[in-house]
Amino acid sequence: MKKVFIADDQLITPLGFSSEENIRALKNKCSGIKKQSQKSISPTDFYASLIENDQLANAFSVIGNPEHYTKLEQMLLLAVGGILQRHPSLALEKTALIVSTTKGNIEALDENTPFSNKKAKLYELAATILSFFNLKTEPIIVSNACISGGLAISIGKRFLLEGKHDHAIVVGGDLVSEFIFSGFNSFQAISTEPCKPFAKNRSGITLGEAAAAILLSCDNTLQSENSVFVLGTASANDANHISGPSRTGEGLFLSINSALEEAGIAPQEIDYISAHGTATVFNDEMEAIAFDRVGLFDTPLNSLKGFYGHTLGASALLETVVAARSLQNDELYPSLGFDSEDAGGVSKPVNVISSTEKRKLKTALKTASGFGGCNVALVLQKANLATEKQIVSVEENKQQAVFIQDYVHLKDNVLSHAGKTVYSDDSTKEVNLFAKACYEQLEMKYPKFHKMDTQCKLGILATETLVKKHRKHLSENTALVLSNNASSLDTDEKYMTGIQHKENYFPSPAVFVYTLPNIVLGEISIKYGLKSEQAFFVSETFDADLLVDYAKVLLKTKKTDRVICGWIDLYNHSYCVFLCLLSLEGKTPLTKENLTTIYNQNYE
Amino acid sequence: MSDLRTELKEKIIEQLNLEDMEVADIGDGDMLFGDGVGLDSIDALELIVMLEKDYGIKLTDPKEGKKIFVNISTMADYIEANRTK
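Which chain is which? The protein sequence lines are L and X, in order.
Going by the working numbering, the first residue of the first sequence is number 56, and it counts up by one from there.
Going by the working numbering, the first residue of the second sequence is number -12, and it counts up by one from there.
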């Protein structure tokens, strides 16, 4: 029976440019977090875990010219390069490339950068990796806030089990930029001291930068005697708030349970938890509540944010690598920043690992949460003690017929439902004004609408139109899979106007929170109570292949019974929105051709 | 005094995107958070930015915000006492 495992990994972090170096540093309690004095990131000194540019350029110059690649590209290319170097006969045409990042090369938007601002598009970042190594499959880009790295592993695993690919290179990375630093600062979320996850006096995050890559495979020839398997994965939305985590840990609780169920594992079998542990008051409290609800209050846990800082799009991936190595080495690494006097920092008991400990380990749980109310959980298990238990096996599930039950378009100032115009207004070129007119036309009465960025407004309008007929069929179990070309660049540029001029430097938290494309998933979840699987993909054009395959695998593995999927894109006054409702009933079968035809359809 | 209160109401409506509200809808003593005007945690952060941007007041401890932003009156009083712009 097919199972997916981690065949290789490569870390590029301030603790070293190999996974082994990183593990040694963790054992020696060497943190990457240092006091930094970089006016290009922050006007005042700050703590962060940064990769040294010269060290990186030196390492990169072995494979390419550092002057031609951004810092982030050098990190990602080194990470992928390490893996490819050790697997020279990997069948590239059967290998997916999945890239996880929140802001990518956001600094390419700055006029002062030597690089083209085209590089700010996330699919360009993936294209750079693709062409550097002459990879052969269309990259999959996941941009889903701080769960991106874990979600990317989940997506890779699902596609491998479906036979879409034999292997997947999953790579993730993010930089500490002025953009990101100022944004989190506007949220009062950055600690003035190195972060202290789960500690009583914790006061916020420390940012970090890193890249991590893994090779996922289900090819036995790549397996070793203690390979770590990815047995179960799940994501779920809190449906509560776009920046504050659920006070009951709802989405995380649902994710953990779903991942455990898929893995066929009971909570007591978890030997170790690699928590998200960002060290904000609210995140760590929420995690403690979720772990307690599942019955994991006694399980040894750590957060690696005390070593690496919060590495955003890299974090869940990097921390999964460490968790896997932890299992392989039968070693628990400390949760740096937590000492005995720090106990009592959360309202539920947590068993925080204080120093490196040798212990027989078999199964680990990795969790992550992020802006937009998203959460992800992964269950990892070491091979030589792997049970023969039947996983809720993909092979047992038959692919039922899936249908396009309904759809909506929002483009050219026309809102149409199943091809028929609902509302049109060509009197204004301003997208925001058109959105407001639609809102009034639909008689929505939802004050939160006015706080959203324009991209989210368009998403909400389309969803409202789509679900009108189907409200009674929608449940919190309905999945949401969206995509676009420009990620959140429209709002990113708006945010940048608040930080561009030092004399008028007022980063806006209300704008910053929308500088992640997955926030629209959160807004839709909150309004319609959706607490199920979600993902946000970025691609140059509408990728029917990806959406059809991913929706089908979610339905087949019974992670959901309905999927709302589509495209919500806005940049520089130009927009295009397409949403469809996929279910196990309907008239139009879900195929790539049908979906593409409907996507391109014009309204009457 | 009352000019500042009106000014604050106008600013809050505009900057926090309270589209369905008008100045007349916000009483000086109405709770800004919770059931009154219904502001949330992100709005609180925006108010802190507004204090600095428009009135030159930098909050050294953001938790002070809880006492300052109870209602329009408490906000106006605090600004009158501390503004540098």
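The set of hints was computed from the structure by calculation and includes no laboratory data.
Please note that a few of the clues may not be correct.
What the hints assert, rightly or not - What the simulated footprint calls covered on chain X by chain L, stretch by stretch (three residues with Cβ under 8 Å from a Cβ of chain L suffice, anywhere in the stretch; the number is not a length): (1) -8 to 6; (2) 9 to 21; (3) 26 to 36.
Stated by the list, open to error - Residues of chain L placed beyond 10 Å of chain X at every Cβ, according to the derived structure: (4) A114; (5) E179; (6) Q243; (7) N281; (8) I297; (9) K415; (10) V568; (11) N627; (12) L639; (13) E640; (14) P644.
It should be emphasised that the depicted structure is a prediction, and the values quoted were computed from it without experimental measurement.
Where is the CB? At the ideal position from N, CA and C, for every residue including glycine.
Results for each hint:
no., hint, in the structure
1, -8 to 6, "holds (count 4)"
2, 9 to 21, "violated (count 0)"
3, 26 to 36, "holds (count 8)"
4, A114, "39 Å, holds"
5, E179, "31 Å, holds"
6, Q243, "5 Å, violated"
7, N281, "45 Å, holds"
8, I297, "8 Å, violated"
9, K415, "43 Å, holds"
10, V568, "6 Å, violated"
11, N627, "22 Å, holds"
12, L639, "37 Å, holds"
13, E640, "38 Å, holds"
14, P644, "42 Å, holds"
Of the hints listed earlier, those the structure fails to meet are numbers 2, 6, 8, 10, in rising order.
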